[in-house]
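Enquirer: Knowing the structure of chain U, use the given hints to seat chain L on it.
So the sequence lines, in the order shown, correspond to chains U and L. Per the working numbering, the first sequence starts with residue 195, numbered consecutively. Per the working numbering, the second sequence starts with residue 3, numbered consecutively.
Warning: the hint list may mix true and false statements.
Calculated Cβ distances over 12 Å to all of chain L for the following chain U residues [unchecked claim]:
1. V198
2. M206
3. G231
4. A238
5. V306
6. L313
7. W323
Derived pair list, reagent style EDC-like, types lysine to aspartate or glutamate, alpha-carbon separation capped at 20 Å [said to hold, decoys possible]:
8. L:K62 x L:E73
9. U:K201 x U:D216
10. L:K62 x U:E268
11. L:K77 x U:E268
12. L:K77 x L:E66
13. U:K201 x U:E268
14. L:K107 x U:E268
15. U:K264 x U:D216
16. L:K77 x U:D204
No lab work stands behind these hints: they were computed from the structure. Computed from a predicted model, the values in this text were never measured in an experiment. Cβ atoms here follow ideal geometry from the backbone N, Cα and C, with glycine treated the same way.
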Amino acid sequence: MLQVLVKRIDAMLYRRGFAVTDARRLMRNQMLLAAGGSAVACLATGFSGWGFSFAAGALIISINFWWLSKAAQELVQVKQGATFTLLTLFYGRLLLTAVSIAGLVAWAGASVYGLLAGLSTVVLNAALWGVLQIRHKVPTVGKGKEA
Amino acid sequence: MRKSLLMTLAMVLFASAAFAADGAAAAGTAAVGPVAAWATAIGMGIAAGLCGIGQGLGLKAACEGTARNPEAGGKITVTLILGLAFIESLAIYALVVNLILLFVKPLGA
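So that you can see chain U by itself, here it is in the shape it has in the complex (with noise of 0.2 Å):
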């Protein structure tokens, strides 16, 4: 069922642009953290505010991230004409992500604590990727410098 979810969530990003697969996989990653997380946090609080505050931070954290990942893996590899268009990309994504977050604090009365475990959801992806990364580098036989 996972793997399934997990293969038709890759084919959708591939489709939509993320062509390096480490990439791929970071956003994947980010996609089922997010939804994932926001269901246990709503479903353990009843459905509160801060539930709902959570969701609504990794929703943000996520569009955000895919934003940014769409706009690093042109950077690197700047195609012609295609400088408008990132920097629209850029500035655009900031200014959501901005006058979201401040209607969300300053008008909906969103949790200040909810949010903020939700726009964690990046960095706990990010730190995870790192551990995972480091764990299949250590070799299992030998000291590692038999190579």
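Expert: Leaving out everything else, chain L in the frame of chain U:
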């Protein structure tokens, strides 16, 4: 051409300063806003500036690395994305804290 541009810029700057001074004189001492507003403005400025420097350094290194070794572009891109996400999350945290100071007012106005 350059001279006229500079003159226009100087006039605009002086005019805005003069209008601001008039407004401040009319409002008396109320021209100085609440401390929280100044704190959020300065705090966000510092956060945005330092995060901008960090992201710029990261991007510069990534571009140099890719130019020297194009085959490593994929791995460099992933590291760049992670670095940018880490740095930008700091700026977003700063934004949230500033918004809390400005709108929720946990320490009072």
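Enquirer: If a hint holds in the structure, say so; if it doesn't, say that too.
Expert: Verification of the supplied hints:
Against the 12 Å criterion, V198 (chain U) stays outside the reach of chain L, whose nearest CB is about 25 Å from its own CB. No Cβ of chain L comes within 12 Å of the Cβ of M206 (chain U); the nearest lies about 18 Å off, and the non-interface call holds. Taking the minimum C-beta to C-beta distance to chain L, about 15 Å, the non-interface status of G231 (chain U) holds against the 12 Å cut. The beta carbon of A238 (chain U) is kept farther than 12 Å from every beta carbon of chain L, the shortest such distance being approximately 22 Å.
Not every beta carbon of chain L lies more than 12 Å from that of V306 (chain U), the smallest distance being close to 6 Å; the non-interface claim is violated. With a least beta-carbon separation of about 6 Å from chain L, L313 (chain U) fails to lie farther than 12 Å from that chain, contradicting its non-interface assignment. Consistency note on W323 (chain U): stated as away from chain L, yet its beta-carbon is not over 12 Å from all of that chain's, at 7 Å minimum. This hinted pair checks out: K62 (chain L) and E73 (chain L) have alpha carbons roughly 17 Å apart, not beyond 20 Å.
At most 20 Å may separate the alpha-carbon atoms for a hinted pair to count; K201 (chain U) and D216 (chain U) meet this at roughly 14 Å. As the CA atoms of K62 (chain L) and E268 (chain U) are separated by approximately 14 Å, the hinted pair is consistent with the 20 Å bound. For a cut-off of 20 Å, the pair hint linking K77 (chain L) to E268 (chain U) stands: about 14 Å separates their Cα positions. With a C-alpha separation of about 14 Å, the suggested pair K77 (chain L) and E66 (chain L) falls inside the 20 Å cut-off, and the hint holds.
For the hint pairing K201 (chain U) with E268 (chain U), the CA-to-CA distance comes to about 24 Å; that exceeds 20 Å, so the pair is violated. The straight-line distance between the Cα atoms of K107 (chain L) and E268 (chain U) is roughly 41 Å, outside the 20 Å bound, and the hint therefore fails. Between the alpha carbons of K264 (chain U) and D216 (chain U) the distance comes to roughly 13 Å, so the proposed pair stays at or under 20 Å and holds. With a CA separation close to 18 Å, the supplied pair K77 (chain L) and D204 (chain U) stays within the 20 Å bound.
In terms of the numbered hints stated before, the structure departs from hints 5, 6, 7, 13, 14, listed from lowest to highest.
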